[in-house]
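Colleague: Chains X, W and V are the protein sequences, given in the same order.
Everything in the first sequence is counted per our numbering, starting at 1 for the first residue and increasing by one.
Everything in the second sequence is counted per our numbering, starting at 292 for the first residue and increasing by one.
Everything in the third sequence is counted per our numbering, starting at 705 for the first residue and increasing by one.
Keep in mind the hints are simulated off the structure, nothing from the lab.
The structure presented is a predicted model; accordingly, all values stated were derived computationally and were not measured.
Quick reminder that beta carbons are idealized off the backbone N, C-alpha and C, glycines included.
Treat the hints with caution; some may be incorrect.
[Unchecked claim] Okay, the calculated beta carbon distance ranges per label pair: (1) W:Ser496 with V:Val838: 24 to 30 Å; (2) V:Leu812 with W:Val501: 44 to 50 Å; (3) W:Asp397 with V:Asn786: 32 to 38 Å; (4) V:Phe995 with W:Lys422: 27 to 33 Å; (5) V:Arg902 with X:Thr52: 55 to 61 Å; (6) V:Leu840 with W:Ser672: 32 to 38 Å; (7) X:His172 with W:Gln396: 53 to 59 Å; (8) V:Leu840 with W:Gly494: 27 to 33 Å.
Chain residues, written in single-letter form:
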Amino acid sequence: MQEFVQQVVSGIASGGIFASLALALVLIYNAMGLVNFAQGEMAMFATFIAYTLISHGVNYFIAFPLTLGLAFIGGVLVERAVIRPVERAPVLTLVIVTLGLATLINGAAGFLFGYTPNYFSSPFSAHTVNIFGAFASYQDLSVIAVSGIVLVAIYLLLQRTTLGLTLRAAAHHPEASRLLGVRVSWMLALGWGLASAVGAVSGIMVAPILLLEPNMMQTIIIYAFAAAVLGGIDSPLGAVVGGLIVGVTVNLVGAYLVGGDLELAVALAIIVGVLVVKPNGLFGRAAARNV
Amino acid sequence: MAKMGPRIGVLVAFLVTMAACGGSNAPAAQSDVGVTSNSILLGNTIALSGPARAYGTIANAENAYFTYINNTKGGINGRKITFKILDDAYTPANAVTLTKQLVEQDQVFAMFSGLGTQTQTSVRDYLNTQKVPQLFVATGATTFMADYGAHNWTIGWQPPYQGEARIYAKDILANHTSAKIGVLYQNDDYGQDYLKGLTDGLGSSSGLIVDKESYDVTAAVPTLAAQLSKIKASGADTLFLFTTPAFTIGSLAIVTKIGWAPLIYLNSVSNPQVYMGLAQKSGAALTNVTSVGYIKDPTDPQWANDDGMKLYKTVIANCTTCNVMDGFNIYGVAVAYSMVDILTQAGSVMTRKNVMDIAANHLNETNPFLLPTVKVKTTSSDHFPITQEQVIHWSGTGWTLQGSIIDERGTIK
Amino acid sequence: MSRLRNAPPLYFLGVIVVLFFIGLPTVVTSFQSSEWTQVLIFAIVIMGLNILVGYSGQISLGHGALMAVGAYTCAILIHRYNVDYLITIPIAGLLTGVVGFVLGIPALRLSALYLALATFALAVVAPSLIKRPVQLTGGVQGILLSPPDPPQFAKDGFGAVTGGLAMTSDQWMYYVSLVLALLLFWFAWNLVRHRPGRAMRAIRDREVAAASSGINVAAYKTLAFGISAFYAGIGGALYGLSIGFVSPDTFPLALSFQLLVGAVIGGLASITGPLVGGIFTFWLPIVSSQFVASQPWIPAGVAAAFKNAGPQVTYGALLILIMIFAPNGVVGLVTVGYARLQARLRGAGDRGSGQMPSDPQTV
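If we strip away everything but chain X, and leave its shape as in the complex, we get (with noise of 0.2 Å):
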């Protein structure tokens, strides 16, 4: 029974992992109706910006917001010179688009800042807490926590706020929006933007449990991908529940049935599992298609 409680205990705290960088995944679905196959990777790459400011002796709690910063602007340009030319191509080409952006991220990645693995210090130590008996580290609780507050910040934005509105009206019904003014193109480049910096907090919070390399977000894109897709691809909630439940069945079903080294295995499983009986997931909103 104990181990069982840690393995759902563990499983929580790998989900808020997934959680993290799932709510970057979901504001560039609803800004665009597009998964960005480049998200994990752009996270990185902030996050080895965050790092080169600490090292160079930048306090950690304004090297946080000032990478934010960076990488908003960072997405936004990336929009603006990679997306923008093929912004009404169709789905295929937009696919390949993001994933030679993370190819193009992650050869930039190791040529500037190389593959030994380093250590990102964390203001949250990595002494653990007692939960009923099974362990989790204050890290992990941070990550579940900082993701927690993302969520809210998002969930705000886009359902209270006029600009989230926009936001979500240029991606759904892009000729509508520009009839009544909007610039649906610059929507598109917020969108980036913002996906640009959730996904830079998920890179910070997470590289001190992971260890800052070029290929740090490689496994974890795919397991975000599960956690977006169960949640409801268009749901920041489902993105964070989606990410926990993912955690724990993967460790629950990796430890206890099918072996550790399927558990990638469970994340497709899940993924297919999920397209195929209830497309929207957890949380999503089925959308018509316009005959």
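Chain X is already provided as a structure; the job is to place chains W and V on it using the hints.
Modeller: Showing chains W and V alone in chain X's frame:
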């Protein structure tokens, strides 16, 4: 057309050297494909891109040593070494294509330090059929040393994974006879080879292993908590980590996090001090950790004034992208040292056959980058170049050598 | 005779290309033939991927996994059951085709983006799934396949043409791949010219309209998956035979990605695109990692720095640029260029005649 080139090349080289020697009493010099009067061409495929590219620095470190020899000694008997390194992205398909290119198009003398068990297995038959030496493959998979009989153009270098695991087994049988052992291993040739060595080494006591959990190299590190919690719950008080560095560091941190303090054995690939430092910062307690080593660790202060370490630092400066503290780099320099050693021993008989023969049967080398008293040695009945390692314990700030060098020579069939 | 004169110039070009490929091994080295074998194998798989993506509009980021199915089928049949390697190739194709057909059923429910996601996940997980049934697949040790010996008639023919050279296994595999590539290209060409091709294109462009005009959308889409997988299976079997080794790491995610990129860059919804795609898929990694290092006029520091991450950065940048500026791939560029050239040559007068531009898809 393909076979004519090398044949003509050998014929010409032979005639030229015959003519050159005609006027003196020097022993008949011989040459071979990839060798000219002032150069030797070596080929290599390694992961420079893709998930395994952290290993790529090994080839650069090897090249740094060759550059050092070329610059300070004018090469080997006047022949400078050219080292052609190609990126196979750790994929067997690429390794096969690129190796064929190096052999058939670039006409290398020999393949040196190819990295990866699957990749080097995929080219082994080809190289043996073509009679091109596959020298000092950069993997501890036991088959490269144990199966010399079936593939006598292939030789390994580093201690076999199984041999290392047997040393751990010896330590258990000598000092922890009632241990309850849990094993976390990477689900590939690397992890499985180690596990086999441990099981074989424990022999009739292999029942001491109470739980074995594996993970795939695609796993996200935090998810290893699932396997480690399970091992903890099985009642194990000793944990073996047959894992690659990133997973070792993560596992050490997770073990402390879930409130467990077993006796830990971790493998030599993961033990460089810099990784232990990362583990400590990540929250690992590292109270009772054992490993083995055979190479000097550049981050270990006890070698600061050691001649071999000073030479390493001089050599590695030739590589602009190499991190001097990276254990992979001193590995590269050490194996390049052995390569230069056999080429030097070949002297004027610079043929593939002779060089292969020296590597497989007549090595007896003291290598300045390996721990003192570890020798690189092969004989006609034993083709495991390095079989000695020393047990080391983590003291909280560094590794301390325990006992004496243990030799696993002759134990693996 | 008049048919010959009236045939579009592209037909003649096609004949020349085929002759070129038939004669190639007699003039280049055995190693270079083996390189072109890889190109042909990629072209076969990309042809299948093209049917799925270009003609029926479904994305697959998992064709590397399908190649693995074909390769392992072939390897297991040879290794465990001593089946003749030539027979294993069509068996591998058929088995993989069935697998693809089965995969196509849940794929019906996924929109383009989600299908990309699901197949992406499949490609990532494929190596770890292969490692599991160790008894069957050999696990991480993989399965070694000895290079097939050319049959006597081939050796004689080759020797006769080249004036006595012995045919190597690599050259024989080249011809096996070439024959299969020609057969499969011919099959695909017929497929797209007739009803199935038209139906698929209708589905791709306006699925709901296609359904309401009586096309069995589900059947054609799953059929496309099945055929596409059949091609991948054949390609996979040839891949395993020409490399001589199958293992889990032979089919990483990167392979699936390269195949899709090759299909797009070659030009989707075209028959000739896959050949260009195959050339691109095979040569780009080699050129980008070796070309820079081998150019003496590039300073050593730059070359060393490029070697470390340059190829990857170049690959990503190239992809993005091509998607932005030439989304119809090389074939698209050539077609547009050719049409412009023709218009130029014919003069402005023709535009007044109200002639519709020729459909680039009827080759």
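Colleague: Each hint: holds or not?
Modeller: These are the hints, each one checked on the structure:
no.: 1; hint: W:Ser496 with V:Val838: 24 to 30 Å; result: holds (25 Å)
no.: 2; hint: V:Leu812 with W:Val501: 44 to 50 Å; result: holds (48 Å)
no.: 3; hint: W:Asp397 with V:Asn786: 32 to 38 Å; result: holds (37 Å)
no.: 4; hint: V:Phe995 with W:Lys422: 27 to 33 Å; result: holds (30 Å)
no.: 5; hint: V:Arg902 with X:Thr52: 55 to 61 Å; result: holds (56 Å)
no.: 6; hint: V:Leu840 with W:Ser672: 32 to 38 Å; result: holds (37 Å)
no.: 7; hint: X:His172 with W:Gln396: 53 to 59 Å; result: holds (56 Å)
no.: 8; hint: V:Leu840 with W:Gly494: 27 to 33 Å; result: holds (30 Å)
Violated hints are absent here; each numbered hint is respected by the structure.
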